[in-house]
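Asks: Given the coordinates of chain A, work out where chain B should sit on it, guided by the hints.
Listed in order, the protein sequences are those of chains A and B. Oh and the first sequence: position 306 is 1300 in my numbering, straight run, nothing missing. Oh and the second sequence: position 172 is 189 in my numbering, straight run, nothing missing.
FYI, nobody ran anything at the bench for these hints, they're computed from the structure. Some clues are possibly wrong.
[What the hints assert, rightly or not] Pairwise CB distance ranges, derived in the manner of DEER restraints: (1) A/Gln1366 - B/Ser62: 40 to 50 Å; (2) A/Gln1366 - B/Arg88: 42 to 52 Å; (3) A/Asp1316 - B/Leu292: 43 to 53 Å; (4) A/Asp1052 - B/Leu111: 54 to 64 Å; (5) A/Asn1229 - B/Ser131: 33 to 43 Å; (6) B/Ser131 - A/Ala1049: 27 to 37 Å; (7) B/Leu157 - A/Arg1236: 23 to 33 Å; (8) A/Arg1236 - B/Gly302: 53 to 63 Å; (9) A/Asp1278 - B/Val136: 19 to 29 Å.
Values in this document were obtained by computation on a predicted structure and should not be read as measured data. Glycine residues also receive a C-beta, built at the ideal position from the N, C-alpha and C atoms.
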Amino acid sequence: MIATCVSRTLLIGLVLMCVISCGGDDQSHAGDQERTLTVLYLEIWADSLNHEFHAVCDQWAKSSGTKVIVEDIPLKDLSSKLAAYVDAGEGADLAVFPAHLTILYSRKLADFSSLMGQVTEELGPSYEIAAMMNRVGDKWVGVPLFAWSHIWVYRDDLMRLEALRVPDTWDEAATVVRKLTDHKKGVWGLGIGLGEDDDAAMFFQSLLWAHGASVFAEDGQTVVLDSRETRDAVNWLLSLYRDGIIPEGALGWDGASNNRNFLGGTIAVTANSPTIYYAAKHSDTALAANIRHSVYPSGPAGRYSYATGFSLSLLKDSPNADRSLDLIRYIMRRDNYQRLIAAGEGSVNPMYKGVDALALWQHDEKLLPALQSLEIERPVGWPGPVTAAAAEVFEQRILTDMFARIIDDNLSTDDAVTEAASKVRAIVAKHRP
Amino acid sequence: MSIRVRRNAFLLTVPAVVYMLLIVAYPFVLLVAYSLTNRRVGAPSEFIGLGNFAEVLSSSMIWSVFGNTIRYATMSCVVSLLIGLVAALLLSRLKGTGNTLQSIIVLPWAIPASVTALVWLWMFYDLGGVINWLFERLQLIDKPVSWLGLSSRARLAVLVPNIWKLSPFFAICLLSSLREVDNAALRAATLDGAGPIRRFFHISLPAMRRTIVVSFALAFLWSATEFPLIYILTRGGPADATHLLGTYSYELAMRGGFEIGLGAAYALFLVPIALGMALLVWKVGQWHRG
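With the rest of the complex left out, here is chain A:
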């Protein structure tokens, strides 16, 4: 009797739960969706910029009567989160895309050509790198938001002790980092992540270009990685690694390791965005005073740096396209855009020449190299266009693994480069229509 009562009660409760969860007025639910925008935002290390972005979105939300939900995504999760968004076609209305992904997903993204006309009228012409990373033919598939410049970061106090000046060439850089290495004091001259993080992939691209090497030719299809210039570039880094100038563990570093080790005083030089300087200004002003930046050194083929740009974009069949575009217009309004750049305190660069970033950063001359870097930056796939194959080569860390195979598996430089080139060719073959 009791068991029957209990089971009946449970049954009734279960049915009620199902009714409540499935209930609701379809019309009002659809209305709520129309008045809510979800934004996938890249959470960067500059908290002040993250807060400012949220604040700008909140202000637009109040003025437009639309609820804005900003979802902060760490960089390491952004690619997979965006893959889910693009593949499912839902989950967000607007997103911040790393620039090579706007090219990769260009078929599914909206056309921003008209909006870009308004944006450049407001903020000035965009840097060439912005167009390279966001335009497919004549169509803009993303609105460039900001860039992380990859620059060299030095311990100025250690440089002065050794009477060293900032190197201009890669060979000078090798001399400088050797002189700065002092294992007795626990200091390595050069600390650059050589593992599965973005830093390594970016560093390798810049190193290759400066030595006249590249992964692709100008046509974006021919693989030219297997060259003498590539071997020269790899051997430059290999000699520093084998001589203990780079920490042995760099092969296992993640994206934050070089930041942490520089701030901890165990490495004297690294390549990074100005986020190390940003962190030092907020936690160790004495160290911040001893940080110096420069653009990437020059090699036999010139001076280049890898471009990491981020753009706002949305799917072309998004149901909330009009509201999303309105939000983008609001973010890219001069006053709001300048707020974001100022809040970044140099950790991100504007993508438009009409924005005087240095003025926004209180004329901090230490940040000038970050702006100068915009002129020498190149996107993945250069000197060819940004292609799906080039994006995949970057995402799969082909160049980083090439180096790891030499160190870890005792491959010769020749064999490692040849193997990497064949992997790239396989990727290109997959993407051929």
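Replies: Just chain B now, kept in the frame of chain A:
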């Protein structure tokens, strides 16, 4: 049992069945469906039959990744089982404080895997990591060791947090099994002159056989499908050296080439492992009934 009681009993299982269909069956069917297509993020897809499986089997990566998975799961479970067994034996001898210790040792198992991974990542740092700091203080090493940067060390290093996590699970399972061992048989063996080691191997261990096999099978499956520990510690590197089937299929589908179809095909190679463990557990059930 009356019809009404049977009907109510059936209806009460409905939520569990719905849950299993939604959370287990539907994603699995979708995974199989994707594996039969050339689906790629942001591009149209078409049915290609077993093309992905042919590509997987012709690639050298599957053998490396499958081998890693089996090795990782086996080594994790064998070492954890031994540690868990020793812990269970020690705990069974403790009165009073034993319960408190039991609650403490279960903590590693209770902590979310991502937190475990982050803590161990910090401990494994080559510069400033606590393991290197300790080893240098004890003069076991004279310079920082890269635990995660070289493949041979990384393959061992990623085992450690998993063993740390699994040992409490084995300890608790084996402890409860140990407490079920027939005391009369143990007393009789003692009277017959059997020492503790003989009593353990001839009475306690055979009695614990079923628990050992079932807990091993579960732990093996968890280890084979491990994701956060590997992904946070090494992302499958260096140079794909520590990838398991789960992490590699994720890398293919959601990062590297955004090839969902190929990633799904790789993931399905976990099915034989899961079926093997399910068969083992079923067999144990047969012994019990037999």
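Asks: For each hint given before, does the structure comply? Return the numbers of the non-compliant ones in rising order.
Replies: none
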